[in-house]
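For the record, the sequence lines run as chains X and R. Each residue of the first sequence is one higher than the last, beginning at 1 in our numbering. Each residue of the second sequence is one higher than the last, beginning at 1 in our numbering.
Derived from the structure by calculation, the hints contain no laboratory data. Hints are supplied without guarantee of correctness; some may be wrong.
[As the list claims (entries may be wrong)] Here are the simulated DMTMM-like pairs of lysine to aspartate or glutamate, each with C-alpha atoms no more than 25 Å apart in a straight line:
id : chain 1 : residue 1 : chain 2 : residue 2
1  : R       : 9         : X       : 184
2  : X       : 211       : R       : 57
3  : R       : 9         : X       : 109
4  : X       : 211       : R       : 102
5  : R       : 9         : X       : 84
In case you want the letters, here they are:
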Amino acid sequence: MIRFQEVTKKYGHGTALENTTIQFKKGKIYGLLGPNGSGKSTTLKMIAGLVIPSSGTVTVNEEAVTRKIADKVAYLTELDMFYEAFTVDGMISFYASQFPDFDRKKAYELSEFMDLDKNKKIKHLSKGNRGRLKLILTLSRNTEVLLLDEPFSGLDPMVRDSIVKSLISYIDFGRQTVIIATHEIDEIEGILDEAYIIHNGRIEGHCEVEKLREEEGLSVLQWLKKKTAGGSREE
Amino acid sequence: MTEEYTASKPIYVQIADRIIRGIVRKELQPGDKLPSVREMAIQSGVNPNTIQRTYSELERMDIVETRRGQGTFVTENEEVLSVLNEKVQKEVVEQFIHNMKELGLSKQQMIESLEKYGKGE
Numbered sequence: 001m002i003r004f005q006e007v008t009k010k011y012g013h014g015t016a017l018e019n020t021t022i023q024f025k026k027g028k029i030y031g032l033l034g035p036n037g038s039g040k041s042t043t044l045k046m047i048a049g050l051v052i053p054s055s056g057t058v059t060v061n062e063e064a065v066t067r068k069i070a071d072k073v074a075y076l077t078e079l080d081m082f083y084e085a086f087t088v089d090g091m092i093s094f095y096a097s098q099f100p101d102f103d104r105k106k107a108y109e110l111s112e113f114m115d116l117d118k119n120k121k122i123k124h125l126s127k128g129n130r131g132r133l134k135l136i137l138t139l140s141r142n143t144e145v146l147l148l149d150e151p152f153s154g155l156d157p158m159v160r161d162s163i164v165k166s167l168i169s170y171i172d173f174g175r176q177t178v179i180i181a182t183h184e185i186d187e188i189e190g191i192l193d194e195a196y197i198i199h200n201g202r203i204e205g206h207c208e209v210e211k212l213r214e215e216e217g218l219s220v221l222q223w224l225k226k227k228t229a230g231g232s233r234e235e
Numbered sequence: 001m002t003e004e005y006t007a008s009k010p011i012y013v014q015i016a017d018r019i020i021r022g023i024v025r026k027e028l029q030p031g032d033k034l035p036s037v038r039e040m041a042i043q044s045g046v047n048p049n050t051i052q053r054t055y056s057e058l059e060r061m062d063i064v065e066t067r068r069g070q071g072t073f074v075t076e077n078e079e080v081l082s083v084l085n086e087k088v089q090k091e092v093v094e095q096f097i098h099n100m101k102e103l104g105l106s107k108q109q110m111i112e113s114l115e116k117y118g119k120g121e
């Protein structure tokens, strides 16, 4: 269980997250939805121990988050950070050397699943294949918490599709808690259990995906539009 | 590509409907094995928990049966299948009548329209 207790994060004069209390239950798949600059990345980084709250507390399994939480949390950044001269295989070895929970066999399986040549140099990979590699490296860690920041950003529909399929194939449903921050919902709607809307640093809504259809006849995308309609965002 | 789902019904129900239609169209035969939960989840682009719910629902309706350690199979019970056939036909007819009513057609006009279509006019 991941808990935010009255968490505020300020950057200079701006507020990225304001007095937020939320929780993410073990074994569920969450969507963290909202426009760019809404506070999604800040939220994930606070769970990953990369950003420290200005006030309030963030805990993972009752343990206050520090940078050491990296043992328990796998985090896919929206940025692209690789050693260009490495091969795919070299990058896999590097990850294996950094994270004791890294499962090499799974990484190779995933590379095959996504049709990624492990002997290729990273600087020769297409953008789509870099996106695939990021996901392979993150999914190959056996952690209870998996954070994915914009895993589809800038990728074409075929790549998105292969990412969704590998998520379904390789997430350990029921054990891993997964939080996917995105503003592209179509692809992942079917795999989410629940979703939060975050807007201007505040949680503006929470839903259970199947209940939303059952009780309100809305898809997550329609719900998001309804909830954020007319709300302009401050930069 | 992953499939599309409408907003008006839960996804697990929509997948159950698809399987039912497959059975009615005989694409799925009595006794056929359904894909495993994980395979079906990948095919459908949804969470395996959703497929689990779909299978449980179909099992509750006696349309499929789960055999321990073997998987989920389409029922071979003829009676269940014929009731299912009728039910699906009835739904299609109801939908048709609903749509025609919306166009303001009477029962007589609907019958005439169907006959005309049948003759290929």
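Does residue 57 of chain R sit within 25 Å of residue 211 of chain X, going by the straight-line distance between their CA atoms? 16 Å, holds
Does residue 84 of chain X lie within 25 Å of residue 9 of chain R when you go C-alpha to C-alpha? Judged against 25 Å, a Cα distance of about 47 Å means the pair is violated.
Taking 25 Å as the top limit, are the C-alpha atoms of residue 9 of chain R and residue 184 of chain X close enough? 21 Å, holds
For the pair we were handed, residue 9 of chain R and residue 109 of chain X, check the Cα-Cα distance against 25 Å. This hinted pair is violated, its Cα atoms lying about 35 Å apart.
Checking one constraint from the list: CA of residue 211 of chain X to CA of residue 102 of chain R, max 25 Å. Satisfied? 30 Å, violated
In summary, the numbered hints that this structure violates are 3, 4 and 5.
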